[in-house]
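Asks: Spelled out, the chains give:
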Amino acid sequence: MKKLIAVFALLLFMFFGNAQEVTMDDAMKDNGKIYVVIAVMLTILAGLVLYLVRLDRKISKLEKNK
Amino acid sequence: MRKSWWKILGVLLLVYTFIAGLLIEVPRNPQLQETIRNLFFHVCMWFGMMILFIVSFVRAIMYLRTNKHIHDIASRQYAGVGILFGVLGYMTGAIWMSYTWIDSNKSVFNSFDTIAREPKLIGAAIALLVYAAYLVLRDSIQDMDKRARISAVYNIFAFAMLFPSIWIIPRLLDSLHPGGSEGNPALDPGSASAKMRLVFYPAIAGWTLIGVWIATLKIRMKILYEQKLSQ
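So the protein sequences, as listed, match chains F and G.
Using numbering that gives the first Met the number 0, you'd call the opening residue of the first sequence number 0 and step up by one each time.
Using numbering that gives the first Met the number 0, you'd call the opening residue of the second sequence number 0 and step up by one each time.
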């Protein structure tokens, strides 16, 4: 009987051992501050794209002029 | 602006990458944690680099077949942007590695002896240096036709060097980097979940399109510059 309980306990442990959650840092997502990071990244992307667009326009103008 | 639909597509894909890349559910990997999201940025740099190098290689062959100067300019500029992407990939990899590969019992500096032996790092460094030599070789030749022909031939050699240095040897050896002896980095189903793929593939396309955009701008600038010189 004792053996059976031990085996059962071991099985239970293995089952729940696998189901155990990996601890991750979810704080940024929980309090919504991750959106601030996204806003900053999108601003930088917008700035870089704007730079490329202006460069593209300038080159097109030069190509037309000659 | 010229032929702008793919430029807009590239920008939209990047906006999607930045938003979805930070918000989607990621696999809860105890070692990587949230840094797994670097897949959408660091890995895409290398994919962009490979695609740009392939374009450069094709243009080099086209130059050798047709002797048209435009292919030579294009080949040079695509290789330049490819090197930029590769250097960015290397730098982002260095940052990512300092937080996930280091032995927590040692300082970052003392973990360096194991990290420096990484076959992926050595292979990528060889590939980038071979391409850096391409730029040096090009600029050392004064005669325009000779420069174009020799650098086109060297470009083919540099592209061939990508096979052993990036695609074969690092994948045969054990490594801390994913896709060592167990298979392909990033494309392997075990290393990225299906949900991450929904962001990963658009991210590759977006970054590559931006790279192509920069390269076309540089090509057009170079053409204008040479026309000005010949006037």
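Don't read these hints as lab results, they were simulated from the structure.
Wrong hints could be hidden among the right ones.
List of simulated lysine to aspartate or glutamate pairs, EDC-like, C-alpha gap at most 16 Å [as the list claims (entries may be wrong)]: (1) G:K221 with F:D24; (2) G:K2 with F:D29; (3) F:K28 with G:E33.
Derived, one-sided and incomplete: chain G residues facing chain F with beta-carbon distance under 7 Å [claimed, not checked]: (4) F17; (5) R27; (6) P29; (7) I218; (8) R219; (9) L223.
Ideal placement from N, C-alpha and C gives every residue a C-beta, glycine not left out.
Asks: If a hint holds in the structure, say so; if it does not, say that too.
Replies: Hint check results:
1. With a CA separation close to 48 Å, the supplied pair K221 of chain G and D24 of chain F exceeds the 16 Å bound.
2. Using a Cα cut-off of 16 Å, the hinted pair K2 of chain G and D29 of chain F is violated, with the two alpha carbons roughly 42 Å apart.
3. Distance restraint check for K28 of chain F and E33 of chain G: the Cα-Cα separation of roughly 11 Å lies within the 16 Å cut-off, and the hinted pair is therefore satisfied.
4. The criterion of a C-beta within 7 Å of any C-beta in chain F is met by F17 of chain G, whose closest approach is roughly 5 Å, and the hint holds.
5. Because the closest C-beta pair between R27 of chain G and chain F is about 4 Å apart, less than 7 Å, the hint holds.
6. For P29 of chain G, the interface hint holds, the least distance from its beta-carbon to any beta-carbon of chain F being 5 Å, beneath 7 Å.
7. Among the interface hints, the one on I218 of chain G is violated; its C-beta lies about 10 Å from the nearest C-beta in chain F, farther than the 7 Å criterion.
8. Among the interface hints, the one on R219 of chain G holds; its C-beta lies about 5 Å from the nearest C-beta in chain F, closer than the 7 Å criterion.
9. The beta carbon of L223 of chain G comes within 6 Å of a beta carbon in chain F, closer than 7 Å, and the hint placing it at the interface holds.
Checked against the numbered hints above, the structure violates hints 1, 2 and 7; every other hint is satisfied.
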